[in-house]
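The primary structure of each chain is shown beneath.
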Amino acid sequence: MDLNFTPEEEAFRQEVRDFFAENLPDDIRDAVRNGGELTKEHMERYHAILNKKGWLATTWAEEFGGPGWGPVERHIFDEESSAAYAPRIVPFGLSMLGPVLQKFGSKEQQDYYLPRILNGDDWWCQGYSEPGAGSDLASLKTRAVREGDEWVINGQKTWTTLGQHANMIFCLVRTDPDVKQQEGISFILVDMSTPGVEVRPIKLIEGGHEVNEVFFTDVRVPYENLVGEENKGWTIAKYLLTHERTGIAGVGFSMLELEEVKQLAKKITRNGKPLAEDPLFAARVAQAEIDLEAMKLTNLRMLFTAQKQGAPGPETSILKIKGTVINQELKDIRRRALGPAAAPFPGSFKDSNLDVAPSGHANNAARYFNNRKTSIFGGSNEIQRNILTKTMLGL
Amino acid sequence: MNFDLTEDRQMLQDSLRRYLGDKYQIEHRNKVAYAEPYHDPAKWGELTELGALFALAPEDAGGMGGAGFDISVVFEELGRALTPEPVLGALMASRLLTAAGADQEALLSGETKYAVGLGELDAPYDLSEMTTTAEGGKVSGRKSVVYGGQAADVFLIAAKEGDSLSVYEVQAADASVTGYALMDGGGAAEVVLEDAPAKLILENAGEAIADAVNAGIVALCAEAVGAMDVLHRMTVEYLGQRKQFGRPIGTFQVLQHRAVDMLTEIEQSRSIVIKAAAELGGPDASRYCSMAKNLIGRAGRLVAEEAIQMHGGIAMTWEYPGSHYAKRIIMIDAQLGDTDYHLSRVAQAA
Chain A
1 MDLNFTPEEE AFRQEVRDFF AENLPDDIRD AVRNGGELTK EHMERYHAIL NKKGWLATTW
61 AEEFGGPGWG PVERHIFDEE SSAAYAPRIV PFGLSMLGPV LQKFGSKEQQ DYYLPRILNG
121 DDWWCQGYSE PGAGSDLASL KTRAVREGDE WVINGQKTWT TLGQHANMIF CLVRTDPDVK
181 QQEGISFILV DMSTPGVEVR PIKLIEGGHE VNEVFFTDVR VPYENLVGEE NKGWTIAKYL
241 LTHERTGIAG VGFSMLELEE VKQLAKKITR NGKPLAEDPL FAARVAQAEI DLEAMKLTNL
301 RMLFTAQKQG APGPETSILK IKGTVINQEL KDIRRRALGP AAAPFPGSFK DSNLDVAPSG
361 HANNAARYFN NRKTSIFGGS NEIQRNILTK TMLGL
Chain B
1 MNFDLTEDRQ MLQDSLRRYL GDKYQIEHRN KVAYAEPYHD PAKWGELTEL GALFALAPED
61 AGGMGGAGFD ISVVFEELGR ALTPEPVLGA LMASRLLTAA GADQEALLSG ETKYAVGLGE
121 LDAPYDLSEM TTTAEGGKVS GRKSVVYGGQ AADVFLIAAK EGDSLSVYEV QAADASVTGY
181 ALMDGGGAAE VVLEDAPAKL ILENAGEAIA DAVNAGIVAL CAEAVGAMDV LHRMTVEYLG
241 QRKQFGRPIG TFQVLQHRAV DMLTEIEQSR SIVIKAAAEL GGPDASRYCS MAKNLIGRAG
301 RLVAEEAIQM HGGIAMTWEY PGSHYAKRII MIDAQLGDTD YHLSRVAQAA
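Those protein sequences? They're chains A and B, same order as listed. Going by the UniProt record's numbering, 110 is the number at position 110 of the first sequence; the sequence numbering is gapless. Going by the UniProt record's numbering, 179 is the number at position 179 of the second sequence; the sequence numbering is gapless.
Hints were generated in silico from the structure; no laboratory data involved. Be careful, since some hints might not be right.
Here are the simulated BS3-like pairs of lysine-lysine, each with C-alpha atoms no more than 30 Å apart in a straight line [said to hold, decoys possible]:
#	chain 1	residue 1	chain 2	residue 2
1	A	Lys232	B	Lys243
2	A	Lys390	A	Lys296
3	B	Lys160	A	Lys267
4	A	Lys53	A	Lys107
5	A	Lys180	A	Lys262
6	A	Lys103	A	Lys40
7	B	Lys138	A	Lys203
8	A	Lys180	A	Lys232
9	A	Lys107	A	Lys203
10	A	Lys308	A	Lys390
11	A	Lys238	A	Lys141
12	B	Lys43	A	Lys203
13	A	Lys273	B	Lys138
14	A	Lys262	A	Lys107
15	A	Lys350	B	Lys31
16	B	Lys23	B	Lys43
17	A	Lys232	A	Lys40
18	B	Lys243	A	Lys390
19	A	Lys308	A	Lys53
20	A	Lys273	B	Lys243
21	A	Lys308	A	Lys238
22	B	Lys160	A	Lys266
23	A	Lys273	A	Lys262
24	B	Lys243	A	Lys203
25	A	Lys141	B	Lys243
26	A	Lys350	A	Lys267
27	B	Lys23	A	Lys322
28	A	Lys53	A	Lys103
29	A	Lys103	A	Lys308
30	A	Lys180	B	Lys243
31	A	Lys322	A	Lys308
32	A	Lys232	A	Lys267
33	A	Lys266	A	Lys296
34	A	Lys203	B	Lys160
35	A	Lys350	A	Lys262
36	B	Lys138	A	Lys238
37	A	Lys308	A	Lys180
38	A	Lys232	A	Lys103
39	A	Lys266	A	Lys180
40	A	Lys390	A	Lys266
Extracted from the complex, chain A is given alone in its bound form:
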């Protein structure tokens, strides 16, 4: 048993840390710190900075333009980037479609799309969920019918994250309605400027705009936009769900959140003393810190297994469940710390110097509400429990 990183890994950590210190623009870091919405320009600029260094496609093999990292390097990169208040890399092209094309795509698809993802020529979004197909994704109804050398697509996708910025969408569509649900699904790429594609915004609980509905009315795309074999889309979907899950616990973001909470508790006065000295509040923070400390090790243990076996196992569902719950708890504590000062609607003090929250914390309540999504999306925590029941308990 050895809990230490190797000297090479520590040197790599320092290299990543130095890189962010020197290259992350202040305005992007501040936008992340303040918890507001990042603009498209922010994210494109951030991606370009990483791409220049060769660190954008963290999960890709070197032959496709990735850095060729293993799980440990990726973990270190995740920790250091979140500690530096860097944004999350927008995952749809880089950690979802990229690996799918590398495994299932044709040579032509790889040669055309992968460089465009790296260079930011395409912004991808994900067409998976539908109004009637959430946790039960395999029941999806969006239909693609082959007509000559084209697909004609009709239906609706929803919860399409950042679809308002995207020019391309990868979709799971039903191509054979007469077989078992999972066996009639295909994976198709759609240019969103095609006639018949319409994106409508969904306003979220806290007032933000991240997700969208995408409607398809007689949308015609070339047959060769099919990825992999016809009716084998479910295999691709499952590959995506199990691929690269070591970052799923969000440990780096929770560590940063814990640090933010501790700093905040020193700044806030409650009952004539710093909030940090309030025993009940301190106990909440300590409880979360204990859970997070264990989570760090749980994460590293699963990382080690993934490194050894070449792929993460089904037990990574534990990381999703516990990782999201810990982060949600920290967001709750952070909102709680402000008391009534968390109550103003975000942006309330734009034209006044009377802001009631310390700098960087005006969106604490909005962050708490927005973050409830993490235990719902990407396979809800209930679905993760179903996976664990089958795979780990054998029930």
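Given the coordinates of chain A, assemble chain B onto it according to the supplied hints.
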């Protein structure tokens, strides 16, 4: 023993429920709750005509109620409709004016809107640390997140005068008022006072302020129960309607049990509010109000978070009414003392 409402209170409940159900539906509510003045002045007038404010004050103060159960009946209905009207300020001001023996006809008729400024940035819950002072009929200081302050005509302000705690009346025109919308809808204000002309209402006001806070706690807790009832009903309906894996998700036992856990916590909440309402005005009111606010804080978090989780993505949207109920239920915790503050008060008093 009898847990039924009196006939008068039953009538009040029925008429408020009918009125709010007809005239204050969620689409309208969301429209007014997030646009200046963050409530609906026309509906405020209609609500007061129904006697909603008269129910909050005792007869000798010109009202028709004023007991804990009058307050809880009114606020439970306001919570069911998620009403952003500034009734809490009226209630707490009425308690202070009653203690002072002052006239409150303009308050109870709804003609003059009151807000009560107690908490400050560094002393949101415990007033012993507040720094607003009064001297020679002038008040200076800053009251923070004053609920309903954006719409108030008159403020009642707690201020220190030497060692004594007093309540002053300040006209809105004599204060610097910065209003804003709240996360959960409705409005509040930062109220900055710089030698603001003020009328002394109450000296040695510690007990009267504690009573006003207790009445406010009964109101907020009843409001939370009303909101939790509605959110729970929405959740159960959704579990019955939403189909995944070929059947209603409400047939999955794991979700059934969680919906039952919500119900259990709501019934516990209802009970503690009844207890707090019964004790209001008595010697142990503060203790039972703290118990209620702590329990509601815990139950509210469970109910709001579980409702969102069991709905899934739909409850993360602005369009779905349940999300607004969840926000209100969570944010109530930050008004008049949160879960931890009231837990420590109960522990210290034990």
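A quick look at each hint next to the structure:
no. : hint                 : verdict
1   : A/Lys232 to B/Lys243 : holds, 25 Å
2   : A/Lys390 to A/Lys296 : holds, 25 Å
3   : B/Lys160 to A/Lys267 : holds, 25 Å
4   : A/Lys53 to A/Lys107  : holds, 26 Å
5   : A/Lys180 to A/Lys262 : violated, 52 Å
6   : A/Lys103 to A/Lys40  : holds, 29 Å
7   : B/Lys138 to A/Lys203 : violated, 46 Å
8   : A/Lys180 to A/Lys232 : holds, 12 Å
9   : A/Lys107 to A/Lys203 : violated, 39 Å
10  : A/Lys308 to A/Lys390 : holds, 23 Å
11  : A/Lys238 to A/Lys141 : holds, 18 Å
12  : B/Lys43 to A/Lys203  : holds, 27 Å
13  : A/Lys273 to B/Lys138 : holds, 29 Å
14  : A/Lys262 to A/Lys107 : violated, 51 Å
15  : A/Lys350 to B/Lys31  : holds, 21 Å
16  : B/Lys23 to B/Lys43   : holds, 8 Å
17  : A/Lys232 to A/Lys40  : violated, 33 Å
18  : B/Lys243 to A/Lys390 : holds, 22 Å
19  : A/Lys308 to A/Lys53  : holds, 28 Å
20  : A/Lys273 to B/Lys243 : violated, 52 Å
21  : A/Lys308 to A/Lys238 : holds, 22 Å
22  : B/Lys160 to A/Lys266 : holds, 27 Å
23  : A/Lys273 to A/Lys262 : holds, 15 Å
24  : B/Lys243 to A/Lys203 : holds, 24 Å
25  : A/Lys141 to B/Lys243 : holds, 14 Å
26  : A/Lys350 to A/Lys267 : holds, 22 Å
27  : B/Lys23 to A/Lys322  : violated, 44 Å
28  : A/Lys53 to A/Lys103  : holds, 25 Å
29  : A/Lys103 to A/Lys308 : holds, 21 Å
30  : A/Lys180 to B/Lys243 : holds, 18 Å
31  : A/Lys322 to A/Lys308 : holds, 23 Å
32  : A/Lys232 to A/Lys267 : violated, 55 Å
33  : A/Lys266 to A/Lys296 : holds, 25 Å
34  : A/Lys203 to B/Lys160 : violated, 45 Å
35  : A/Lys350 to A/Lys262 : holds, 26 Å
36  : B/Lys138 to A/Lys238 : violated, 70 Å
37  : A/Lys308 to A/Lys180 : violated, 36 Å
38  : A/Lys232 to A/Lys103 : holds, 13 Å
39  : A/Lys266 to A/Lys180 : violated, 58 Å
40  : A/Lys390 to A/Lys266 : violated, 46 Å
When each numbered hint is compared with the structure, violations occur for hints 5, 7, 9, 14, 17, 20, 27, 32, 34, 36, 37, 39, 40.
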